[in-house]
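With the hints as extra help, turn the sequences into a complete structure.
Protein sequences appear in the order of chains H and Y. According to UniProt numbering, the first sequence holds residues 1 to 122 in order. According to UniProt numbering, the second sequence holds residues 1 to 230 in order.
Treat the hints with caution; some may be incorrect.
Computed from the model, here is a short list of chain H residues facing chain Y with C-beta under 7 angstroms [said to hold, decoys possible]:
#1 7
#2 14
#3 18
#4 22
#5 34
#6 35
#7 45
#8 48
#9 53
#10 60
#11 61
#12 84
#13 86
#14 96
Derived from the structure by calculation, the hints contain no laboratory data. The C-beta atom is built at its ideal place from N, Cα and C for all residues, glycine as well.
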Amino acid sequence: MRARVGFGLFLALGLVVAAGLVLFVSPRASSEPDGLEKVAEDEGFIEGAEDHALADTPTADYAVKGVDDEALSTGLSGLIGITITFAAAGALFFAVRRTGGRSRPDGAPPTSSDSSRDGAAA
Amino acid sequence: MHAPDGFIDAPTSIAMGALAAGGVGLALRKAGADLDEKRVPLAGLVSAFIFAVQMLNFPVAGGTSGHLMGGVLAAVLLGPWVGSLCVTVVVVVQALLFADGGLTALGFNVVNMALVTALGGYLVFVGLRKVLPKTKGGVVVASGVAAGISVVLTSLAFSLEYAIGGTGGASVATVTTSMVSVHVLIGIGEGIITALTVGAVLASRPDLVWGARDLPAATLAPDDLVGAAS
Numbered sequence: 001m002r003a004r005v006g007f008g009l010f011l012a013l014g015l016v017v018a019a020g021l022v023l024f025v026s027p028r029a030s031s032e033p034d035g036l037e038k039v040a041e042d043e044g045f046i047e048g049a050e051d052h053a054l055a056d057t058p059t060a061d062y063a064v065k066g067v068d069d070e071a072l073s074t075g076l077s078g079l080i081g082i083t084i085t086f087a088a089a090g091a092l093f094f095a096v097r098r099t100g101g102r103s104r105p106d107g108a109p110p111t112s113s114d115s116s117r118d119g120a121a122a
Numbered sequence: 001m002h003a004p005d006g007f008i009d010a011p012t013s014i015a016m017g018a019l020a021a022g023g024v025g026l027a028l029r030k031a032g033a034d035l036d037e038k039r040v041p042l043a044g045l046v047s048a049f050i051f052a053v054q055m056l057n058f059p060v061a062g063g064t065s066g067h068l069m070g071g072v073l074a075a076v077l078l079g080p081w082v083g084s085l086c087v088t089v090v091v092v093v094q095a096l097l098f099a100d101g102g103l104t105a106l107g108f109n110v111v112n113m114a115l116v117t118a119l120g121g122y123l124v125f126v127g128l129r130k131v132l133p134k135t136k137g138g139v140v141v142a143s144g145v146a147a148g149i150s151v152v153l154t155s156l157a158f159s160l161e162y163a164i165g166g167t168g169g170a171s172v173a174t175v176t177t178s179m180v181s182v183h184v185l186i187g188i189g190e191g192i193i194t195a196l197t198v199g200a201v202l203a204s205r206p207d208l209v210w211g212a213r214d215l216p217a218a219t220l221a222p223d224d225l226v227g228a229a230s
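Pasting the structure below:
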């Protein structure tokens, strides 16, 4: 198999695209109710919705408390979101691989950007 | 599709929480074998990317919006087990950090948005791959169509939960009809975004696409420029 870009560059580009989307596109996203919310309104079960237990936390509803510029507040919350999601998922999958993985003799050899750490899991 | 607390009664929410825990537990056990050195950071990137794209609500008919759920996207890139965990991480981060999706609703939100889309949607993808040509284009089309169908599957899953434990008085038939009809439209958006993203990864790093690993190398890179054979 062939690759056009190095793995490190691929990862970096992916994260830049994600950051660009939350910073520049998400402030312009539609604020209309989503499909479920709309159905709940139309069918009269929206009243059942309860306030979120964490509604007063600093980043609730994709806004950063204390940042008055709405677009910036949304964008920053998105940056916080992708950072924490990347870190949480990375940590989870690192742990899953260490505890649940097996060595993959059939796996693709590491690219130049991979660390040389041996892949076998205990 | 993030349900708040209160739409579904407590016993059903607890049951769905147990189902979610069972599904995630199974995925955790199966995912280890699918993770090699590159797929750990790749799964982190896919999770972060799905988080980002979930913020991009696009308008659909009648004053409604929708956003990507990402289960099929993650499953095509990483396999269904790792993929379902990627979306689970996103849904949990959204609920805990951004108050998006209720805490007692976390179980059925994980089932609907992560497990049904990634596992159910991936089965659709596998079925489509059997009838479509074994080319990059075939993978892209199968991804897009499966992604669209996965959204409809999810709307059916919510309707089933509403039928079992919905707290509102609306009839199950009208809720189901409304859910499916609006989510067919949202599914079209999901399909387009998924196909574009899978196409972009296939163009740059075809070796990273789990759902295309059966394609012969020659099919994957006929127009390769750099060509670092691995």
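Hint by hint, here is what the structure shows:
1. 7: 6 angstroms, holds
2. 14: Residue 14(H) check passes; min Cβ-Cβ to chain Y is 5 angstroms, inside 7 angstroms.
3. 18: Since the shortest Cβ distance to chain Y is 4 angstroms, the answer is holds.
4. 22: 5 angstroms, holds
5. 34: Cβ of residue 34(H) sits 5 angstroms from chain Y, so the hint holds.
6. 35: Cβ of residue 35(H) sits 4 angstroms from chain Y, so the hint holds.
7. 45: 2 angstroms, holds
8. 48: Result: holds, 4 angstroms to nearest chain Y Cβ.
9. 53: 5 angstroms, holds
10. 60: Nearest chain Y Cβ about 4 angstroms off; hint holds.
11. 61: Constraint on residue 61(H) satisfied, holds at 6 angstroms.
12. 84: 6 angstroms, holds
13. 86: 4 angstroms, holds
14. 96: 5 angstroms, holds
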